[in-house]
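*Asks:* This is what each chain is made of:
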Amino acid sequence: MGVLEPVVDVQPLLEIKNISKGFAGVQALNKVSFSIAPGEIHALLGENGAGKSTFIKVLTGVYTRDSGKILFDGQDFHATSSGHAQTQGVSTVYQEVNLIPTMTVTENLTLLQQPKRFGLISPKRAKQRALEMLERVGLNIDPSKQLDSYSIAVQQLVAIARAIGTKAKLLILDEPTASLDAKEVLRLFELMRQLKSQGISIIFVTHFLDQVYEITDRITVLRNGSFIGTYATKKLPQAELIHAMVGKSLDELTSGSNRETSDSADDVLRIQNFGKQRFLKPVDLSIAKGEIVGLAGMLGSGRSELCEIIFGAQAVDQGSMEIAQNAVHIKSPKQAIDHGLGYCPEDRKIDGIIAELSVRENMILALQAKRGWLKPIPMTEQKAMVESMIERLSIKTPNLNKPIGELSGGNQQKVILARWLLTQPTLLLLDEPTRGIDIGAHHDIIAIMKELCEQGMSLLVASSELEELVIFAHRVVVMKDRKKVMELTGSDISQKSIVNAIAQ
Amino acid sequence: MNISNLTKLIKIAVGTTVIALSSAASMAELTIGFAQTGSESGWRTAFTNATKAEAEARGYNFKFSDGQGKQENQIKAIRSFIAQGVDGIVLAPLVTTGWDKVLKEAQRAKIPVVLVDRGLDSDPSLYVTSVGSDFTQEGAMIAAWLAVETEGTCDIVELQGAVGADAAIKRQTGFANVIENFSGMKIIASQTGSWSATGGKEVMESFLKSIGGENICAVWAHNDNMAIGAAQAIKEAGLKPSEDILIGSVDAIAEIFKTMADGETNVTLELSPYQGAAAFDALEAHLAGKDVPKRITVPGGLFYPETAAEEWAKRK
Amino acid sequence: MKERKKFLDINPKIWGPIFSLVVIIVIMGIIDPGFIQIEFKDGRLYGSLIDILVRATPTAIIALGMAVVIGTKGIDLSVGSVVAICGAVAAVLIVETQLPFFMVVIVSVLVGGGIGFLNGIMVSFIGIQPIIATLILMVSGRGIAQLVTGGRAVSFDSTAMDIIGSGALLAIPVRLWIMTALVLCTVLLLRKTALGLFLESVGANAKASRLLGIEARMLKVIAYIFSGMCAAVAGMILIADVSTAEINRLGLWLELDAILAVVLAGASLNGGRIYLGLTIIGALIIQTLTTIIFSSGVPVEYNLIVKACIILAVLLIQSETTKNYVSQLRTKSLENRHAE
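Protein chains in written order, with this note's numbering: chain A, 1 to 504; chain B, 1001 to 1316; chain C, 2001 to 2340.
These are computed hints drawn from the structure, not numbers from a lab.
Quick caveat: nothing in here was measured; it's all calculated off a predicted structure.
Be a bit skeptical, because a hint or two may be false.
[Claimed, not checked] In silico PhoX-like pairs for lysine-lysine, Cα to Cα no more than 25 Å straight-line:
1. A:Lys31 <-> A:Lys69
2. A:Lys334 <-> C:Lys2307
3. C:Lys2192 <-> A:Lys383
4. C:Lys2207 <-> A:Lys375
5. A:Lys57 <-> A:Lys69
6. A:Lys396 <-> A:Lys450
7. A:Lys450 <-> A:Lys331
8. C:Lys2207 <-> A:Lys370
With the rest of the complex left out, here is chain A (with noise of 0.2 Å):
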């Protein structure tokens, strides 16, 4: 199975040997077994599901492992927490910062090991220690400034300072590019090449396979919690890897790409100078059925707002709406679905599920609130439903029951497409639908939004990911500085036209 890579000379600085780890009947881990040299970035590549979290989790502490050996730096590791890891030298940066908002940031890097004087914390020296932390990332920052003044990505940097500052020998970054834009993840990149001349071993989470081929030395790929292999990066081709991590090829996942300009007239919807103050510069916009229009612009070009103007989840202040052909004026969510639209957010985990509830009170919830609150949908109905969802949309879940917070992201994404499927709209508003997603349901997911719209439905996409837009868009939209800059259509829509737009 795969390119095994030939044994490294060096002692390994990780070694993981037939780790299992099972849930209540699923295997999450089977007989894992990997190593890691010292000084080395090692990708850690699978679909959601396939074990990669769990394979964290058992390593810092978090869980506890069934059967299995991990030796660490030729040594037992058996860590209980995540800080007990840390201080044996093993550090996580997750995705989701886990760093507090709302204090400091020298608070931040400073909050395990309070330097001390007199038995009390001296500030001067907390700082001093800091500016050192931060130094080591290359970070140039006032540290008593409060971490949530500072972008993602900054906080994403103090995060590893934090990790590193305390002696690591392995750093975990979990999806640390997840949230960044290009020229930040180059400096994150830059950071790991430092590291990794100071000796400093990497593995490397991420759902960017150019990511993984520009800064990584070697690959493990895990699917459906088993081990698939360790492959020398610079000797495994991009459909390979694909290949391992999904079992399909890439042909599978681009083919049947839809190109033709829709050639239905009536408009679904309409605006015409539409846009509000300090929010989103006037845009005019024409949507047809059964067309897909996509969105692209760089983070905070405005393709977010534009898509929650539309909804009604923000106020606009000038221009008018037209849904089919009738003049309109929404003001709520609610307005907008009674309208026949739906709307995806882009922050799913926030805006999208209700992550205490279960996949099917998610599902019927839309539905739910189009009909009313005094016309329960029949539980047997619900069900028929949402089994039917399942089954179109290949979800996976144990039953109907599970709350939708334990599913993975992709699963979750397909849950909230289901809830607005459900309520058959005329117009679907997607703000990144495939972000943070495995390639499986990634695949999926452009395979839904094609039939939906040869079904006759309307969608906008917002995306970031071009050759994604390129793929199956009808028409682009180029957002940039709130404001819309172009439109490509048909032969025009290519990843090149719509860079140019945007670098204009």
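Since the structure of chain A is already known, use the hints to place chains B and C on it.
*Replies:* Okay, now just chains B and C, sitting in the frame of chain A:
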């Protein structure tokens, strides 16, 4: 047992601080001023009338001032008593502070002052003594009544006030001190009813179940509200309060008289309106050059069902 | 074995509180068989267990409202004061006016709902944190109640109130009927319509709920109105008990018992779940402890300590950590058995 025995018992209970109500030959022609708070309640009026009657019986030249609920009126009255050169002043202070200046004026004029009903926060050297009731004594009086009523044999359940409250602790102690003298009397259960009728009812209900109504001879409630609640619980358990189970309490709130008139509780205790006599005794003793204790307690008055209907009509 | 596993799988969250209550009652029944005896006396059931049900009624009704508010990620500290205000209003109306009794009920409930409305507006539209918004009325409410009665306890004579306080229908105390009816209506309202789901959705994630078309802010207001109305009903039951509105002590600390009942039911203060039936069980657990303490002869100084210890034990039994630990132990012992 008769009432004289009861009085004797009360004296045992209350101890030595009671000065015998003396009708001995009084000092002739004393001029005494009394600065009363006002006439805000029936009890206050009774207090005034009783004091006036006592002064008359002693042949005093009695000067009375109604403060009408204002401290400045009371201070004015004291100054006027000083100006008139009275032999002694009796003060029922409306509030506890702000008396220092006028009390010093009285001291300079060498006029003794005796406090009644309530105390105040000034230096004790500024007055001769403070006459009043106290919580311990209240508990003792109900215990004494119960001892008489049951001839010293009774299994009692106690409804305490709020846990830790001064009044609750002292009423409990006073009661316990008295029943100690009777081998046949004991408290078989004691719980807090948190001063409320609902609380009293709830606790009594559980007592009736865990102990059994037939095993309870009397309820001793630290206030009237709890007694009212307990009476209801007893009724609902199919027993007759005040007959099957005796009920005694303290405070003499208006509602207890209605309950008592309906024949559901046996006794309540009211702060004595007859403090005047003790105050006059103290003044006379002081003027005669005798030592007077700084605190003199006067037993309160017990009320029984016989007068309850009348009292309810007066007070409601 | 298979059957047993299935039984335990029916959401242990539901069995926790019921199990705790049964255990407490069974232990008491063994220590003192009189505790679980129920007799028939004067046309009504009579016994400690009936007392517990009767006494738990006000707390249970308030907790019902509290469960809904907590389900929306709120909290209502004002309920104790609302009990006092509504009790005062009802008592004064009975004494001072000739209003028919049902009007007295309606006015009191409207007053309670009105106060809840104010709380809801503060929380939902002005954006004050629930604990602060309702604290305002918790502190000032008792003063308002004193204004209503002129500062004194109000006694009244009312046949209807006597019936609510100590009457019985079909041998069962009237207030139990009231509570049962209220619980059933609430269950119907929340579970047979989509209202419960919407409230839970708002509690779990208000922003996401708004984005999927739920009027999140209005729903929160409704939750507080409901809580205020429940407190009003509890207030009337409490004053009916002794035919007096003792405003200084009426409903004192009831908000804390109500919150505790909701927590005992297994709900999280972070919102998202409403357990109506279990909240009633929670209130019964609290009242059972109180009644046991009253009848057991524990010195009063130990009342609260004993209560706190038992409640801590119950919460420990129900906690996830304990459950995980127990299931780990069980797996281990099974493994050991297999190894042998």
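*Asks:* Which of the listed hints are not met by the structure?
*Replies:* 2, 7
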